[in-house]
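**Q** The hints should help you fit chain B onto chain A, whose structure is shown.
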Amino acid sequence: MKKIIKKIQKNEQVSLIIILIAIVCVFTAIQPNYFSVRNLINILFSASIVGMVAFGETFLIIGGQIDLSPGAVAAFSGVLAAILLNAGVPMILTIFIVIAMAMLIGYLISLMINFLKMEPFIVTLAIMSVFTGLAFIIGGGRSIPITNKSFIYFGAGDIFGIPISIVIFAVIFVIFHIILTRTRFGRTVYMVGGNEAASRLAGINPKKIKTMLYLITPVMASIGGMILAGRMNSGQPTAQSHLMFGALTAAIVGGVRFGGGKGTLYGCLIGVLLLESFKNGIAVLNVQTFWQNVASGVLLIVALSADYARTARNK
Amino acid sequence: MKKLLVSITIIACLVFLTLTGVGCKEETAAEEETTVEETTEEEAEEEEAAEEETVVEEELTIGLLSMIMSIVWEQDMEAELKAFASESNATILTMDANMDPALQLQQLDNMIGQEVDGVVVFIADQEMSKAIANKCEEADLALIAESIRMIDENGKLVCPNVELDGYGMGVICAEWIAQYLEDNDITDYETVGFIDLDQADVTNIWDRANGVEDTFKELVPDFPEENFIRSPMDREKAGALAGFDAAMATITAHPEIDTWLVTGPNDDQGGGAVRALEQVGLDENACVVSMGAESARDEWKKEEDTCWKAASFFSAYDCANLVWEGMMQILREGKDPKDVYSEFKEEGQDYGLATFTGQMVTKADFREIMGKYAE
Numbered sequence: 001m002k003k004i005i006k007k008i009q010k011n012e013q014v015s016l017i018i019i020l021i022a023i024v025c026v027f028t029a030i031q032p033n034y035f036s037v038r039n040l041i042n043i044l045f046s047a048s049i050v051g052m053v054a055f056g057e058t059f060l061i062i063g064g065q066i067d068l069s070p071g072a073v074a075a076f077s078g079v080l081a082a083i084l085l086n087a088g089v090p091m092i093l094t095i096f097i098v099i100a101m102a103m104l105i106g107y108l109i110s111l112m113i114n115f116l117k118m119e120p121f122i123v124t125l126a127i128m129s130v131f132t133g134l135a136f137i138i139g140g141g142r143s144i145p146i147t148n149k150s151f152i153y154f155g156a157g158d159i160f161g162i163p164i165s166i167v168i169f170a171v172i173f174v175i176f177h178i179i180l181t182r183t184r185f186g187r188t189v190y191m192v193g194g195n196e197a198a199s200r201l202a203g204i205n206p207k208k209i210k211t212m213l214y215l216i217t218p219v220m221a222s223i224g225g226m227i228l229a230g231r232m233n234s235g236q237p238t239a240q241s242h243l244m245f246g247a248l249t250a251a252i253v254g255g256v257r258f259g260g261g262k263g264t265l266y267g268c269l270i271g272v273l274l275l276e277s278f279k280n281g282i283a284v285l286n287v288q289t290f291w292q293n294v295a296s297g298v299l300l301i302v303a304l305s306a307d308y309a310r311t312a313r314n315k
Numbered sequence: 316m317k318k319l320l321v322s323i324t325i326i327a328c329l330v331f332l333t334l335t336g337v338g339c340k341e342e343t344a345a346e347e348e349t350t351v352e353e354t355t356e357e358e359a360e361e362e363e364a365a366e367e368e369t370v371v372e373e374e375l376t377i378g379l380l381s382m383i384m385s386i387v388w389e390q391d392m393e394a395e396l397k398a399f400a401s402e403s404n405a406t407i408l409t410m411d412a413n414m415d416p417a418l419q420l421q422q423l424d425n426m427i428g429q430e431v432d433g434v435v436v437f438i439a440d441q442e443m444s445k446a447i448a449n450k451c452e453e454a455d456l457a458l459i460a461e462s463i464r465m466i467d468e469n470g471k472l473v474c475p476n477v478e479l480d481g482y483g484m485g486v487i488c489a490e491w492i493a494q495y496l497e498d499n500d501i502t503d504y505e506t507v508g509f510i511d512l513d514q515a516d517v518t519n520i521w522d523r524a525n526g527v528e529d530t531f532k533e534l535v536p537d538f539p540e541e542n543f544i545r546s547p548m549d550r551e552k553a554g555a556l557a558g559f560d561a562a563m564a565t566i567t568a569h570p571e572i573d574t575w576l577v578t579g580p581n582d583d584q585g586g587g588a589v590r591a592l593e594q595v596g597l598d599e600n601a602c603v604v605s606m607g608a609e610s611a612r613d614e615w616k617k618e619e620d621t622c623w624k625a626a627s628f629f630s631a632y633d634c635a636n637l638v639w640e641g642m643m644q645i646l647r648e649g650k651d652p653k654d655v656y657s658e659f660k661e662e663g664q665d666y667g668l669a670t671f672t673g674q675m676v677t678k679a680d681f682r683e684i685m686g687k688y689a690e
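Chains as they are written, first to last, in this note's numbering: chain A, 1 to 315; chain B, 316 to 690.
Same shape as in the complex, but just chain A (with noise of 0.2 Å):
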C-alpha cells in the first residue's frame, strides 16, 4: 500500500486523474444525469475552448512566458469575425484573416519583450486591455449577429455527434503533443523556460523560441473565439473574460511549473477536464455561481502551493 502511495505521490498525473474520478463519482452520486453522455459532452464542449488556450499557455509557462490576453483576443477574434461574415467575407477567407490577426498580435507581443526589453505580465496585460476596446468599438459596444450556416455549424456542428469543436480540441492536442515531446523545438522550450542563459549558451536562439511561443495562445485564443461566436451565433464582446483565468489555472492545476522549464501537456489536458468537470458539476447541482469563482480559486491556490512544495522538495 505504502508503494502505491509513493508511487501515486511521485507521479502528478496519476493523482490527478485520482482526484477527476473522484470529482465525477461525487457528483454522480449526488445527481445521476452527471455522468450521462450529454453532459460528458457538454463538460468537452467547455473545455475545448479554455483547453486550446491553456495549451498555448501550457507552452509559454514551460518556455518561462506568460500571456494574460488570450480573453480578450478571443473576444475581439469572436466579433472581427462576425463582422467579417456581415460585410460578406468567405468563412474560409474570414478565419483565415483572423488568425492572421492573431498571429500578428502574437508577433507584436515577441517583439515589445525581445527587443524593448519589456516585462510579459505588463506587455500582454496591456495588450488585454487594448483588445477588450477594440471589441467593443469594433462591434460598436453590441453583439454581433452572424447568420453564416457554415459558420454557425463550425461553432455549434457535429460530426457523427461529436462536437467539431471537440474534435478540434483532439486534433490540437495530439500535434501540440507530438511538437512538445518529439521535436527539437520541443525540447528547447524546456531548456529556455528551465534556463535561458544556459539554452543561449548552447547555442539556441531564445528570442525565436519566444517569438514562436507568443504567436501559438493568440492564434489559439482566436480559434477559440470563433468556436464561441459560431456556437452563440454573435460575436459577443464580452464574451470570454473568463477564459485567461481558466486556461492558467487548468495549466498550474496540471503540474505545469510556473517558473518555466517542466510540465506536460498531458498534465494540461487532465486539469482542465478537472476543472470544466467541477465547474460543471457545481452547475448541474444548481449551487450559486459565487461558490464557482471560490472553487476555482482555492483550486488555483491549491495547484500554486502544490508546485511550490514539489520545487522546494526538488532542490
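Among the hints, a few may not be true.
[To be verified] Computed spacing ranges between beta-carbons, pair by pair: (1) B:Glu618 with A:Met118: 23 to 31 Å; (2) B:Phe671 with A:Arg38: 38 to 46 Å; (3) A:Gly133 with B:Asp665: 36 to 44 Å; (4) B:Glu658 with A:Trp291: 37 to 45 Å; (5) B:Asp620 with A:Val37: 24 to 32 Å; (6) B:Phe671 with A:Ala309: 52 to 60 Å; (7) A:Ile18 with B:Gln429: 56 to 64 Å; (8) B:Ser657 with A:Lys149: 51 to 59 Å; (9) A:Ala29 with B:Asp467: 46 to 54 Å.
[As the list claims (entries may be wrong)] 20 Å max Cα-Cα, derived PhoX-like pairs, lysine-lysine: (10) B:Lys616 with A:Lys149; (11) B:Lys660 with B:Lys650; (12) B:Lys687 with B:Lys397; (13) A:Lys208 with A:Lys117; (14) B:Lys450 with B:Lys617; (15) A:Lys149 with B:Lys617.
If you're looking for bench data, these hints aren't it; they were derived computationally from the structure. The model shown is predicted, which means the values in this text are computed figures rather than measured ones. Beta carbons are placed, not taken as given, at the ideal position from N, Cα and C, and that holds for glycine.
**A** What follows is chain B alone, placed relative to chain A:
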C-alpha cells in the same frame, strides 16, 4: 364690321384678363412680400428671444457616472442623454466605472474637480449610495440616480431616482408565458420545465427573476414546484455564455423534461438559453422570453423559426427622458430635488422614485413597437 367687333371684343377680353392676371400677381406678390416681411420679423423676434434665452440659460455640464458602459443599455442611455443635452445647451461628460465602486467614487471626485453642474449616476454598488449623495451635497451638485435606486441603510431614497421596474418586467414576461401555455393548450405539466435565469449579485436582475417566479406561480398554480427552477448564472462569463451554461446545466439535470419555458433577465442571456436548447434538440417545443429585446430583434430578422418567442422591450429614451426632465427641473427651474418626481413619491420617502416598465414584443410586431430600436 362684324369681324372687327368680334376682334375688338376678343382683344378687350384678353387685355382685361391680362390686366386682371397682372393685378392678381401683383397682389400675390405684395401679399408674399408682406408675409415674408412678417415672417422675417417673427424670425427676428424668435431669434432675439432665443438669444435672450441663451443669455439666461447658461451652458450646463452634466456628468454621467456609468456602472459599466459595455452594456447596450448604458450606451443607449448615453446617446439619449446627449440628444437631450444638445437641445438644452448642455454637454454630457461620461465616465465608466466598469463595475468598480471605488473607481466610481474617484470619478465623482474628478467630476467635482471639473465643476459639472449635475450628475446622473448608475451606481456600481448600492451600498455607497449615501457616500455619493453626501459628496454631491457638499459640492452642491444636482444628483439623479438611474437604473438602480440609491438608498441608505434604512432603504430610504437619498436622491431623485429613475428606475426600470425590474420586478414589473418579470411580471409581464411571466404573464406572457402563462398566456402562451393557454394559447398552445399546454395543460399537462409533468414534462414541462421552467428555467428562471437569475444572478443574485445584481439587484435589478434578482428583482426580475422574482417578478417572474411570483407571477408565474400565481397564474399557473398547478405547475409542479419541482419543475420550476431558478438557474444561477456565472457573472464572470457574462452575456450569452452565462445563459448558455446555466440553461445547459439545468437541462442536463432534468432529462425527463421535453418542453422548456425559459426567462432570461437580459437579452444576451436569453439568447444563450436559446442556443443551449437548440444544441440539445429541444428547441422545437421550447419557449424563451428575454428582457431587453436588443438581441431578440436580430434573431427575429432571420427567416428561420426560433424558440425565442418574445421579449419585454424597454427603451432608453423613456428612462433618459425622465432623468433629463428631473435634472432640468433642478438646474433650470430651481426645483427642490425633494419635489422632483413628487407624483411617484411614496409615503415615508423624502425623494421620488420614477419607474418605467417595458412592453412585450414578438417576431410579428417588434418593428412596429420598437421603432428605431428595431434596427
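**Q** If a hint holds in the structure, say so; if it does not, say that too.
**A** Hints, one by one, checked against the model:
Between Glu618 of chain B and Met118 of chain A the beta carbon distance is about 50 Å. The supplied range of 23 to 31 Å is therefore violated. For the hinted restraint 38 to 46 Å between Phe671 of chain B and Arg38 of chain A, the CB-CB distance of approximately 41 Å keeps it satisfied. The given range of 36 to 44 Å is respected by Gly133 of chain A and Asp665 of chain B, whose C-beta atoms sit roughly 40 Å from each other. With their beta carbons about 44 Å apart, Glu658 of chain B and Trp291 of chain A fall inside the hinted range of 37 to 45 Å.
Checked against the hint of 24 to 32 Å, the pair Asp620 of chain B and Val37 of chain A passes, with Cβ atoms roughly 27 Å apart. At about 58 Å, the beta-carbon gap between Phe671 of chain B and Ala309 of chain A stays in the expected band of 52 to 60 Å. Range check, Ile18 of chain A to Gln429 of chain B: about 60 Å between beta-carbon atoms, so the 56 to 64 Å window is met. Evaluation of the 51 to 59 Å hint for Ser657 of chain B and Lys149 of chain A yields a pass: the beta carbon distance comes to about 55 Å.
Checking the proposed 46 to 54 Å range against Ala29 of chain A and Asp467 of chain B shows it holds: the Cβ atoms sit about 47 Å from each other. Proposed proximity of Lys616 of chain B and Lys149 of chain A is supported: the alpha carbons are some 15 Å apart, at most 20 Å. Of the pairs offered as hints, the one joining Lys660 of chain B and Lys650 of chain B holds, with about 15 Å between alpha carbons and a cut-off of 20 Å not exceeded. A distance of roughly 17 Å separates the Cα atoms of Lys687 of chain B and Lys397 of chain B; the hinted pair therefore holds under the 20 Å criterion.
Taking the CA atoms of Lys208 of chain A and Lys117 of chain A, the gap is about 14 Å. The hint holds against a cut of 20 Å. A C-alpha spacing of about 49 Å is found between Lys450 of chain B and Lys617 of chain B, which places the hinted pair above 20 Å, so the restraint is violated. Distance check on the hinted pair: Lys149 of chain A and Lys617 of chain B sit about 12 Å apart at the alpha-carbon level, within 20 Å; holds.
In summary, the structure is inconsistent with hints 1 and 14 from the numbered list given earlier, while agreeing with the others.
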